[in-house]
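Following the hints, complete the assembly by docking chain B onto the known chain A.
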Amino acid sequence: MSGFDSDRYSFSLTTFSPSGKLGQIDHALAAVNNGSTSIGIKSHDGIVLVTERKLKSALIDKDSIKKVQILADNVGCVYSGIGADSAVLVRSGRKNGEVYRRQFGENPGVDTVAKDLTAKMQSYTQSGGVRPFGCSLLVGGVDPAGPSLWQVDPSGSSIRWKATAIGKNSRTCKTFLEKRVTPDLSLDDAVKIALLSLKEVFDGLLKAEHCEVGIISTEDGLFRKMTDAEVTEQLDGLE
Amino acid sequence: MPKQDTPQQVLAGLTSKNQFTKTGTTICGVICKNGVVLGADTRSTAGDIVMDKNCEKIHYIAPNIYCCGAGTAADTEYTTELISSQCKLHRYRTDRDTRVATAKTMLTRHLFQYQGHVSAALVLGGVDVLGPHLHTIYPHGSTDTLPFVAMGSGSLAAISMLEQGDADHQGWRPNMEVEEAVDLVKRAIHAGIFNDMGSGSNVDICVITKDEAGKVAADYRRNTDIANPRKYRRDVPYKLPSTRLVEVNGDMDM
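Protein sequence lines, in the order shown, are assigned to chains A and B.
Here the first sequence stands for residues 1 to 239, numbered as in UniProt numbering.
Here the second sequence stands for residues 1 to 254, numbered as in UniProt numbering.
Misleading hints may appear alongside valid ones.
Claimed, not checked - Using 16 angstroms as the maximum straight-line C-alpha spacing, the simulated EDC-like pairs for lysine to aspartate or glutamate come out as follows: (1) 54(A) / 209(A); (2) 210(B) / 97(B); (3) 192(A) / 178(A); (4) 88(B) / 106(A); (5) 186(B) / 225(B); (6) 192(A) / 236(A); (7) 33(B) / 211(B); (8) 186(B) / 166(B); (9) 88(B) / 73(A); (10) 115(A) / 98(A); (11) 225(A) / 209(A); (12) 210(B) / 177(B); (13) 162(A) / 189(A); (14) 88(B) / 98(A); (15) 66(A) / 95(B); (16) 225(A) / 95(B); (17) 54(A) / 228(A); (18) 95(A) / 81(B).
Claimed, not checked - Label pairs and their calculated CB-CB ranges: (19) 74(B) / 157(A): 40 to 50 angstroms; (20) 240(B) / 95(A): 43 to 53 angstroms; (21) 220(A) / 219(B): 17 to 27 angstroms.
Honestly, the hints are just simulated from the structure, not real lab data.
Built from N, CA and C at the ideal position, the CB exists for glycine as well.
Just chain A, with the same shape it has in the complex:
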């Protein structure tokens, strides 16, 4: 990065250990695993993103917390890990989406949005004076190739999933998902399975105020967040 004193910040803080590991990235992944659970499921006609929104105090104005965010008309995301870091990525993802649209005259594919994010995340593992991002994102959307769900990690790697969970209790969630997710799921089914999965690992009674749900359907290709009323309806309909 230019502008820095050549001695003090020119070297990367992420360096290899003799065994070939990048310690900072592993620690970043640990930060992700400390974060609240986020789940993403791909159905044949859409994507659902769900996250736990547990407030540290009843005094916090719940509506000000936004974990499920829109990145573009047809793409949304959710994070697990450090919220402040995710805000930087969301802002960058949104801008890159618009830059692509202005340059090429069409919406970027979900994979392009995900890959632009990974490029940014990777650059913070190999630049002077910065640390990796302390969050993983689940990026879901619909493009002409259909619905797709991507996980982007602090290392800068991206994986496309049929269904996955990140954050604490992700292992339990993934086991739950492995049993329930099938290729012929509808978006409605996927929403129910995602909420059931969250319910499994949630400490207490799961209500609409404790989670955020974002969906995108191939019908209109527009990402939106479910209202509290809609989430309550879904939760009531479970089991």
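For chain B alone, coordinates are given in the frame of chain A:
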């Protein structure tokens, strides 16, 4: 026979005089009850030649804001697209609908930065939380805020309709019903189409209103009035012996 340029000479003249595509144009806007109505003609010219008989001069800025553009076609197109993109990012960031004042400020800052070299004269209209708004924006970056406006080479014809009306119709008055305002705008654009050489063809209208529930909706009425239809036309396209007819272009009416 009057002396006429060959096509090659015309093209040479165009490039040497640097007659890039301008919108000639009649554009206007009015404030009505609960909203704004924008109108535009559809002729785009390069010098004396009509380049596009049915171009779109009402540009999208935001779901609740549209902008008519006169001046250099590329300048109006790219400037409005740029600000529209910036407004979208602003919406994501603030989680609120775009305000007309925001779009106005972004446009004027951009135009002032280019000291008038970006030849875009705009009529910006929209409805936001604070109500309906209508502005004109000049290429150097100055603005007017008025209840009715017109820009472009046909603006004199249009403004006379808005200001005074004619023998059978009134001009603008406060609190007009939406469809009355649409009618007024159509007459203003007509005045430009028939009395200004730089304007012609059809009328495009955009109606932006807020209902009692507070929801803002924009109704983009493309070619709401085909004022200059093609008079003579073959019923059936010319059949070339060995060419397969794939599709008939409906725009042959223009």
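Here's how the hints hold up against the structure:
1. 54(A) / 209(A): Given pair residue 54(A), residue 209(A) holds - Cα atoms ~8 angstroms apart, limit 16 angstroms.
2. 210(B) / 97(B): It holds: about 13 angstroms lies between the C-alpha atoms, which stays within 16 angstroms.
3. 192(A) / 178(A): Between residue 192(A) and residue 178(A) the Cα gap is close to 15 angstroms, so the pair holds against 16 angstroms.
4. 88(B) / 106(A): Distance ~15 angstroms between residue 88(B) and residue 106(A) Cα, so the pair holds.
5. 186(B) / 225(B): 8 angstroms, holds
6. 192(A) / 236(A): 10 angstroms, holds
7. 33(B) / 211(B): With a Cα-Cα distance of about 10 angstroms, the restraint between residue 33(B) and residue 211(B) holds, given a limit of 16 angstroms.
8. 186(B) / 166(B): Holds, at about 13 angstroms.
9. 88(B) / 73(A): 10 angstroms, holds
10. 115(A) / 98(A): 15 angstroms, holds
11. 225(A) / 209(A): With a Cα-Cα distance of about 13 angstroms, the restraint between residue 225(A) and residue 209(A) holds, given a limit of 16 angstroms.
12. 210(B) / 177(B): With a Cα-Cα distance of about 13 angstroms, the restraint between residue 210(B) and residue 177(B) holds, given a limit of 16 angstroms.
13. 162(A) / 189(A): Satisfied, since the Cα-Cα distance of roughly 14 angstroms is no more than 16 angstroms.
14. 88(B) / 98(A): 8 angstroms, holds
15. 66(A) / 95(B): 10 angstroms, holds
16. 225(A) / 95(B): Holds - the C-alpha atoms of residue 95(B) and residue 225(A) are around 12 angstroms apart, at most 16 angstroms.
17. 54(A) / 228(A): 15 angstroms, holds
18. 95(A) / 81(B): Holds. Residue 95(A) to residue 81(B) sits at ~15 angstroms (cutoff 16 angstroms).
19. 74(B) / 157(A): 40 to 50 angstroms: 42 angstroms, holds
20. 240(B) / 95(A): 43 to 53 angstroms: Given range 43 to 53 angstroms: holds, Cβ gap about 50 angstroms.
21. 220(A) / 219(B): 17 to 27 angstroms: Holds: the Cβ-Cβ distance is about 20 angstroms, inside 17 to 27 angstroms.
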